[in-house]
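**Q** Read off the chains here:
2 protein chains.
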Amino acid sequence: MEVAKNIDILVLVLRLLATSLLVLTACLVALDSETKIVFDVIVKKATFRDLNILFVLVWIDSAAAAYNVLQVLRCCVFSGPKVDKNLAWLCYLLDQAVAYIVFATSSAALQGSLFAVTGNSHFQWMKLCNIFTRFCFQIGGALICGFVACLVLLAISSVSAYTLFRLY
Amino acid sequence: MEVAKNIDILVLVLRLLATSLLVLTACLVALDSETKIVFDVIVKKATFRDLNILFVLVWIDSAAAAYNVLQVLRCCVFSGPKVDKNLAWLCYLLDQAVAYIVFATSSAALQGSLFAVTGNSHFQWMKLCNIFTRFCFQIGGALICGFVACLVLLAISSVSAYTLFRLY
Chain V
1 MEVAKNIDIL VLVLRLLATS LLVLTACLVA LDSETKIVFD VIVKKATFRD
51 LNILFVLVWI DSAAAAYNVL QVLRCCVFSG PKVDKNLAWL CYLLDQAVAY
101 IVFATSSAAL QGSLFAVTGN SHFQWMKLCN IFTRFCFQIG GALICGFVAC
151 LVLLAISSVS AYTLFRLY
Chain Y
1 MEVAKNIDIL VLVLRLLATS LLVLTACLVA LDSETKIVFD VIVKKATFRD
51 LNILFVLVWI DSAAAAYNVL QVLRCCVFSG PKVDKNLAWL CYLLDQAVAY
101 IVFATSSAAL QGSLFAVTGN SHFQWMKLCN IFTRFCFQIG GALICGFVAC
151 LVLLAISSVS AYTLFRLY
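Chains as they are written, first to last, in UniProt numbering: chain V, 1 to 168; chain Y, 1 to 168.
Hints are computed from structural coordinates only; laboratory data are not their basis.
One should not assume that every hint holds.
As the list claims (entries may be wrong) - The calculated DSS-like cross-link candidates involving lysine-lysine, where the alpha carbons are at most 27 Å apart (straight line), are: (1) Y:44 / V:85; (2) V:127 / Y:85; (3) V:127 / Y:127; (4) V:127 / Y:45; (5) Y:127 / V:36.
For clarity, every value in this text was computed on a predicted model and none was experimentally measured.
I would like the entire structure built from these sequences, with the hints used as guidance.
**A** Structural data, given as structure tokens:
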């Protein structure tokens, strides 16, 4: 009983932490833009919309944050001593799915951004971060923040595995 | 007792399936190469070494396959009715780590390959799959195979979560 209560509080704190990190990541990426004048004539602007995967990252992170807010509300409203097996299964599956999807999207965004830093000589893809330096640093910070959020989501999914499988 | 035995067999089958899928993915990527003559003069060859992330994918998938083979051997040698708690924790953590790392690498490889298919007009990155069509199809097949392997690894990590947390 005491253990169950402590775990409820732990999950609540982890979910709030994950939500804030995910919102921070989405904001850092979505609000990032830099304008540069190349050769004194051409005005070039870099935003997160230039790289599809960053656009996907913003939406996935926002959705994951919304999901965690809903879970926090559920925790506050239906917090009883009795654990429903079906609900525990649902929470476990959703938490796993969210953790994997956010982790996969962050990795894909990292890969996409790495191309912008290093280019690819085989394919004649040009580097971009020597032009848009500040833009790239902000995306880098957002990605680090996103991976920390992934670790928190991983911890949440482990706790919900524990909550589910101790019923057996 | 009967349940524990059935679970052992299930895990064994899943691990063998995951190993074969991972080896198949690594082979499909590593053995893929295509040579084309552009403008009747320039000979261009595409291999998995042109895209760093494909190189990483081959090594990560091979390592994950080797890990699963070791786990199968452990299952066959130390298969007793008594479950050691520390060993269960170790297996759980390793299985989780392998599932997440393989999933992240596959997603990053998918993102890298998508650039090769679509290019990026904002950054003047050229498309490549209209030149190396057969090469791209083989990589596509390998990625699908890799994602199926990820699903199997996910199932394995769920079963090892069950094996661990039912002890509590």
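**Q** Does each hint fit the structure? Answer for all of them.
**A** The hints, checked one at a time:
1. Y:44 / V:85: 59 Å, violated
2. V:127 / Y:85: Violated - the C-alpha atoms of residue 85 (chain Y) and residue 127 (chain V) are around 50 Å apart, more than 27 Å.
3. V:127 / Y:127: 16 Å, holds
4. V:127 / Y:45: Since the Cα atoms of residue 127 (chain V) and residue 45 (chain Y) sit roughly 22 Å apart, the hinted pair holds (cutoff 27 Å).
5. Y:127 / V:36: Roughly 26 Å separates the two Cα atoms, so the pair holds.
Hint compliance for this structure: hints 1, 2 are broken, all remaining hints hold.
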